[in-house]
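S.K.: Under my numbering, the residues of the sequence shown are numbered 2 to 100, in order.
I should point out that these hints are in silico values taken from the structure, not numbers from a laboratory. Do not take every clue at face value.
[To be verified] Derived DEER-like restraints, expressed as beta-carbon distance ranges:
#, residue 1, residue 2, range
1, Y70, T8, 46 to 56 Å
2, G37, T75, 15 to 25 Å
3, I48, F17, 17 to 27 Å
4, P40, F7, 19 to 29 Å
5, L64, I19, 37 to 47 Å
6, S54, L18, 27 to 37 Å
7, F92, I16, 44 to 54 Å
8, L64, T8, 45 to 55 Å
9, F17, P87, 26 to 36 Å
10, T76, L33, 17 to 27 Å
11, H60, G37, 14 to 24 Å
12, K23, Y86, 14 to 24 Å
Cβ coordinates follow ideal geometry from the N, Cα and C atoms, glycine included.
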Amino acid sequence: MAVISFTFLIIIFLIFLIVRLKPWLLNYFKLLKNYGPVPCPRNRLPILGNLLSLPLDPHQFSLKLDQFYEESKTTALYCLWIGTYPLVAFFHPVGLEID
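Construct all of the structure, not just a fragment, from the sequences and the given hints.
M.R.: Right, here's the structure in full:
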């Protein structure tokens, strides 16, 4: 009897988790679709973005951002994912033009 109630609690928890995460996941996939063509660093993870590639030390953090800037100097705009939120940087006014 205890196994059935434990299984029932697990099922209820999973349903609750799916219901709570659905709007967040839909928003995340919408952002991915909208910001897909914007150039980003190569080592981006699906949910964490570029957070694992950024160091905690402020000096190392600024050096890493400088490295991202050097990689993207030739493009008009650049996207860095901080968690599930895109951080878009415009380097030239051409990036603001609408086709």
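S.K.: Against this structure, judge whether each hint is valid.
M.R.: Hint check results:
1. Y70 - T8: 46 to 56 Å: holds, 52 Å
2. G37 - T75: 15 to 25 Å: holds, 19 Å
3. I48 - F17: 17 to 27 Å: Holds, at about 19 Å.
4. P40 - F7: 19 to 29 Å: violated, 49 Å
5. L64 - I19: 37 to 47 Å: Distance hint for L64, I19 holds at roughly 41 Å.
6. S54 - L18: 27 to 37 Å: holds, 28 Å
7. F92 - I16: 44 to 54 Å: Given about 46 Å between the Cβ atoms, the range holds.
8. L64 - T8: 45 to 55 Å: holds, 51 Å
9. F17 - P87: 26 to 36 Å: holds, 29 Å
10. T76 - L33: 17 to 27 Å: holds, 19 Å
11. H60 - G37: 14 to 24 Å: violated, 33 Å
12. K23 - Y86: 14 to 24 Å: Taking Cβ atoms as reference, K23 and Y86 lie about 18 Å apart, which means the hint holds.
Hint check: violations occur at hints 4 and 11; the rest are consistent with the structure.
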